[in-house]
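Peer 1: Could you build all of it, start to finish, from the sequences and the hints given here?
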Amino acid sequence: MTTDAVARARGRVGKPAALLEVRSLSKRFGEVQANWDVDLTVLPGTVHGLIGENGAGKSTLLKMIYGVYTPDEGRMFVDGAPVSPGSPADARALGIGMVFQDLRLVPALTVAENIALALPDGPTLRLARLAARITEASEAYGLAVDPSAQVRHLSIGERQRAEILKVLMTGARLVILDEPTSVLAPQEVEALFGVVAQLRDRGLGVVLVTHKLGEVRAIADQVTVLRGGQVILNAEDPGNFSDAELVEAMVGRRVPPLAVERVAVPPRERAVLELRGATALGDRGHVALKGVDLDVHPGELVGVAGVAGSGQKELCEVALGLRPVTSGSVRVDDTGGGAVAVPEDPVADSVVPGLTVLEHMVLDGRAVPRRGLGIDWPAVGARTAVLDERVGLHMAPTKRTLSSLSGGNIQRVVLTRELGQDASLVVAAYPSRGLDVANTRRTQELLLQHRARGAGVLMVSEDLDELIAVADRIAVMHDGHLVGVVDTAGADRMSIGRLMLGGVA
Amino acid sequence: MIIDILAGAVRGGTSIMYAGLGETISERGGVINLGTEGAMLLGALGGYAVTAETGNPWLGVLGGALAGALLSLTHAVLVVSRRANQFASGLTLYFLALGVTALFGVGYVSRQINAFTPVPVPGLSEIPGLGPILFDHDPLVYLAYVAAPVIWWVLFRTRVGLLVRTAGERTEALEVHGYSVKAVRYCATVAGGALAGIGGAHISIAYANSWFENMIAGRGFIAVALVIFAMWNPIRIMAGAYLFGAALSLASVLQTSGIAVNQFALNAVPFVLTLVVLAVLGRRTMLAAPDELLKVFDNSRTT
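Sequence lines, in order, name chains A and B. Sequential numbering from 1 applies to the first sequence in UniProt numbering. Sequential numbering from 1 applies to the second sequence in UniProt numbering.
It should be emphasised that the hints constitute simulated quantities derived from the structure, not laboratory data. Possibly wrong hints are sitting among the right ones.
The list that follows gives simulated cross-link-like pairs (lysine-lysine, DSS-like), each with its CA atoms no further than 30 Å apart [said to hold, decoys possible]: (1) B/Lys295 x A/Lys290; (2) B/Lys182 x A/Lys63; (3) A/Lys63 x B/Lys295; (4) A/Lys212 x A/Lys63; (5) B/Lys295 x B/Lys182.
Residues of chain A clear of chain B, computed beta-carbon distances all greater than 10 Å [said to hold, decoys possible]: (6) Glu31; (7) Gly45; (8) Gln101; (9) Val183; (10) Asn234; (11) Ala249; (12) Pro369; (13) Arg383; (14) Arg442.
Where is the CB? At the ideal position from N, CA and C, for every residue including glycine.
Peer 2: Printed below as a string of structure tokens:
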């Protein structure tokens, strides 16, 4: 080990000592080798992009660095000294800070109270003094946040700034951002990258986990691609790589670009879905959908964009008749076929955890093959095999219960059942959530097939690029209002972003 | 007579206030304890027994607090460690306490004790109107005046309070900072039970000065409902407790002033009041509910 360390030190002559160095980290969970021989080096004053598909081992790696998991093998060094953080508190003491994707802020508390939770400093809170410190730090880093605001009332972007500020105020020198941009509007992404650049200029190290390749190229100084728990690519200056090259590294093969034949939208027949001034309450009893007018025509794919929690969920539920409108009207032109739906949270709204995949295939309201008084399960099995083949999302074995499946596999079961039917209205909320690149692509193809067949498709996504690629029109939501409908032809990300943030296009 | 009713409201509301403050702490930490009524019963008997044996009502208060804490500790073991259903555990513990206190309380029925007596505050008790209403009571009433603001301060201005509130709002946020959700919830639940025990002791050694079976008569359940009306705020608990105290004291005041009203109808007044408040407020107060507590009410929604 000593010679090893000396060799490393020699290798770094002239370079700054690595803030974090991970050597040959491996972690196994039962049968699954989540990480195998992973190396990662983050230098001070750099941004390191970490990319990989779901299940590639990114979160296992991060959790080992952050002290949540203990590696089976391998070593970690901070500032050249060997470390083995046994808990997140250990990691923080080493100067490693993590901004979780689902943000660990407490919505009912103020920003200052949330930060107080992370800064053990005496038995009383002394909120006024803390607020002054927060204001000082927020000015220093360009992270504008009101210390006395209740987190519940902040936008996603503001919450993220508060969380980053919290991590910085606890003395982090290495900041790990786990998929920070997936819920942001383009303008907020730009602002976030401004902050990241500033952290880099101050000599901090940043690990940016993302699946958006453009972001890695835009901001990262180094890139590491994980696939199947192993490092496939590690290179400086990711700007030299094309999307296709990075995707190939992530997926392991070339993925041809999505072929969208943009048939001109057929003459405006009667819409399949017609909302007029639709207003509805959210789960907490507040008005979540405010006077929305929207038509979805046959043969049209309408995308819905918006910052998370802008009323997308309520819009889908109102369209499907799952949520009553308090005023306005909803009309679905059911010319046979009815509606199919992929809900925002399939586990809560579309799945019975204790039932098998096969049993879920008869829970879709269609006629069930019968044998006597019971269900003809062999016939259901045969029908399901045909369906799985045709849809092409490769569901888990039909005997498995849904409770034993991962989120991505549950999503594939729901997608196969719903998109395998010919409906006149398709409502899909975040259909590619939890899917890998190939299945995301297949799902987009399926939605386009429904559109080509003459169904009206309403699709919610937080990925603007996805919406621009497949939708005919994009309806933008902000705070329950439908603030604009943009034709995708010639759509501009920034003007859609302005609408998402409540501005004018 | 108005002064009698208001003075009675303060005296009668004190036990509900202690129990409500305790349940506020517990629920702020994410644990709902329907066993509050049981903790009060144990506190009433514990307080009475210790006072009877030692002759010192202050030791009785301590005994009541310990008895209430013990019942809540059982609740905490069941719901925090064993993750049992909070409603089932609380109700079962109430029935257990009802039986246990009836069994072990037999020897204390009609036994005389050295109970708390009113201690008029010099000077203040002379104020016309206000004096007899606020400043001519037993020491536990005065202690309650201080308890509500102090508990508010602890919950909202100290680190311990912040941890309790975080345990009730979002457990991941507590864990990520290296705190134990279980430890925080144990402390909050046991502290809540101790306060309910003091509330119970107030009934037996300061209010009724006697012990009899089921003497709490629903005050613990009123306290649980009060926590919701008060939107988990100690200061509002204070106001609400005195309102229910007024409803409770109505009966005795009317009786002593010779107005003939059916005793049973009067006993129902606090509960009718509870129903009216529930109906008026509806689900509005739930907007202030701690998020983890909402999960207890409804497992499927994790808003």
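Peer 1: Output the numbers, in ascending order, of every earlier hint that fails for this structure.
Peer 2: Hint check: nothing fails, all pass.
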